[in-house]
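Colleague: Could you build the full structure based on these sequences and the hints that come with them?
In my numbering, the protein residues as written are 4 to 225.
Hints listed in this document are in silico derivations from the structure and should not be mistaken for laboratory results. Keep in mind that the hints are not guaranteed to be accurate.
Claimed, not checked - Here are the simulated lysine to aspartate or glutamate pairs, EDC-like style, with alpha carbons at most 16 angstroms apart:
#1 Lys61 <-> Glu108
#2 Lys61 <-> Glu99
#3 Lys61 <-> Glu103
All of these numbers come straight from a predicted model, not from anything done at the bench.
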Amino acid sequence: MVARFRDRADGGRRLAAKLGHLGPLNPRVLALPRGGVPVGYEVACALGAPLDVFIVRKLGVPGHEELAMGAVASGGIRVLNLPLIEELRIPKELVERIAERETLEIARREVRYREGRPLVDMRDRPVILVDDGLATGATMFAAVSAVRAGGAQHIVVAVPISSPDTCTQMRQYADQVVCAMTPEPLYAVGLWYEDFTQTTDDEVCALLARSAETAETRSAAS
Numbered sequence: 004m005v006a007r008f009r010d011r012a013d014g015g016r017r018l019a020a021k022l023g024h025l026g027p028l029n030p031r032v033l034a035l036p037r038g039g040v041p042v043g044y045e046v047a048c049a050l051g052a053p054l055d056v057f058i059v060r061k062l063g064v065p066g067h068e069e070l071a072m073g074a075v076a077s078g079g080i081r082v083l084n085l086p087l088i089e090e091l092r093i094p095k096e097l098v099e100r101i102a103e104r105e106t107l108e109i110a111r112r113e114v115r116y117r118e119g120r121p122l123v124d125m126r127d128r129p130v131i132l133v134d135d136g137l138a139t140g141a142t143m144f145a146a147v148s149a150v151r152a153g154g155a156q157h158i159v160v161a162v163p164i165s166s167p168d169t170c171t172q173m174r175q176y177a178d179q180v181v182c183a184m185t186p187e188p189l190y191a192v193g194l195w196y197e198d199f200t201q202t203t204d205d206e207v208c209a210l211l212a213r214s215a216e217t218a219e220t221r222s223a224a225s
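Modeller: Structure follows, in structure tokens:
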């Protein structure tokens, strides 16, 4: 019987144990909010790396929102599936309107979460994208595309739990994928945590602030 994670922090610690080889590379840890932040916090602590949120908003095809025609993300990054947009003859003005709406939502969340701190610089750096689990992986696929567009040097997707198929498929997009557990069948990510209580905005803000303080202390001591 595979032992479940106690909570997201436990999942983060157990995931971090599989990422130790990345510490010397001075990576950036980007967590997908909200559930990925407690996981990412533990990974960042273990690696002595800076932590930030990376907010991704899928651009759904009008009338078929589950189908992504692109994504927008933190840092003003935009990725569009131009062949799909052309095939479905989606007007450029409509794409722009949807992208602007989702960009505003990202800005709103960034103000809430970052409290004035800028997005960590990912250009020419290794980036570890963290979430609390992968089911279909749609959001993480979009995140990888966005981070690559942002100039990341090497992209690692890291999660405590994933379906085997999604973990395998993710390797087509990221440079490295680390899934601590890949049970079959997965059923649902939350089933593999004893406590899968929804992470709140306040908890996200507190963890980001604590990580920033740790980074400042580490910088002052070096």
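Colleague: Decide, hint by hint, whether the structure agrees.
Modeller: Here's how the hints hold up against the structure:
1. Lys61 <-> Glu108: Status holds; Cα separation ~11 angstroms.
2. Lys61 <-> Glu99: Holds: lysine 61 and glutamate 99 sit about 13 angstroms apart, inside 16 angstroms.
3. Lys61 <-> Glu103: holds (12 angstroms)
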